[in-house]
Amino acid sequence: MNFLYAAYAATWTIHIVYLITVVRRYSHLKKEVDELNKKI
Amino acid sequence: MKKAFPILGLLTAALLSYALYQALVVAPTEQTMGDVQRIFYYHVPSAWTAFLLFFINFLASIQYLVRRDPKTDTIANWVVIALGVLVCIAPYAFRTLLPPGVYPSSVVTTGIAFVGLYFLIKRLFSEQQTDMLALTTAEVGVVFCTVVLVTGPLWARPVWGIWWTWDVRLTSTLVLWLIYVSYLVLRRFSSSGQTPVLAAALAVFGALDVPLVYFSIWFFRTQHPQPVVGGGGSIDPRMLRVLLINWVAFLCFAFLVCWSRYRLERTKREVEETQALEALLEPRSALR
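Those protein sequence lines, which keep their order, are chains X and P. Numbering-wise, the numbering used here puts 17 at position 17 of the first sequence, and it's gapless, one number per residue. Numbering-wise, the numbering used here puts 218 at position 218 of the second sequence, and it's gapless, one number per residue.
It cannot be assumed that every hint is accurate.
To be verified - Distance condition first, Cα-Cα at most 30 Å in a straight line; then the derived DSS-like pairs of lysine-lysine: (1) Lys-30(X) <-> Lys-268(P); (2) Lys-3(P) <-> Lys-268(P); (3) Lys-31(X) <-> Lys-268(P); (4) Lys-3(P) <-> Lys-31(X); (5) Lys-71(P) <-> Lys-30(X).
Read the hints as simulated data drawn from the structure, not as lab findings. Keep in mind it's a predicted model, so treat the numbers as computed, not measured.
With these hints in hand, go ahead and build the complete structure from the sequences.
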């Protein structure tokens with residue numbers, strides 16, 4: 001059972017870590033857009 | 001479309017929860033392996049999803065390469081149509097050459113899907129957008145392939161007694177993962193204007209590994225279990241149902257992640273274009 005839970009936990013950990021990186025890139029990009037808007 | 005995203009997100013979350021419940025509670029326990037066999041409900045759909053994403057990446061990369069020249073584009077269209085016709089006829093004409101358990105109808109369906117998807121991408125995406133689609137599907141495909149490479153050993157340890165073995169299926173999957181990781185590294189760290197072209201060429205070669213991974217268990221003697229779907233193997237109908245529910249759930253999830261990543265890439269390129277324009281205009285404004 002431990003291997004089963006480890007596999008399911010690993011799957012969701014991988015997906016969540018990837019989603020966090022996407023969200024971080026989004027917020028970084030949003031900052032850049034805001035800065036550009038200020039300049040324009 | 002922006003309003004649809006949260007609704008689709010909630011529906012996908014509900015579907016994933018339902019699929020998890022089906023995999024852990026409803027699916028019958030396998031007699032020889034016990035509960036550890038349930039890893040199969042995450043491992044196999046993740047592999048299928050990764051293959052589909054790499055396949056889309058392959059089609060998008062081909063289109064990015066051929067649409068740069070209208071003549072090549074026309075030739076490519078006819079080649080794709082000819083390949084589609086060939087794939088529809090060949091499995092019936094050379095039935096004996098097919099690996100045991102592979103039905104001619106499955107090969108024909110794959111051929112029709114290939115042609116259909118090629119022209120669908122062409123209709124929906126412009127040349128620059130195919131490059132963004134290729135990048136998106138490669139990135140999400142690598143995530144799903146990572147899941148396959150992590151859940152596989154977690155199943156193998158209690159069943160085979162080892163974490164890893166260098167057999168053809170496992171090794172070719174690792175090579176596939178490495179090819180697409182190198183694709184992403186190239187996209188990330190190369191700033192040359194030729195990067196998308198080089199990456200598209202790499203993706204076309206990388207995609208050649210997908211059929212090798214898929215058919216390796218038919219053509220080579222491997223330790224990996226034989227296919228239970230579409231390969232002449234048998235599976236309990238209740239297990240098959242749970243497997244398909246999980247695959248649909250993962251497909252919906254992959255679609256949403258690809259959508260978000262695609263939007264991120266599109267915005268990023270728009271920002272880069274605006275920054276470049278602004279940099280060009282800046283010296284003039286300084287002179288005033």
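Tested hints:
| no. | hint | verdict |
| --- | --- | --- |
| 1 | Lys-30(X) <-> Lys-268(P) | 9 Å, holds |
| 2 | Lys-3(P) <-> Lys-268(P) | 21 Å, holds |
| 3 | Lys-31(X) <-> Lys-268(P) | 12 Å, holds |
| 4 | Lys-3(P) <-> Lys-31(X) | 23 Å, holds |
| 5 | Lys-71(P) <-> Lys-30(X) | 40 Å, violated |
Of the numbered hints listed earlier, the single one contradicted by the structure is hint 5.
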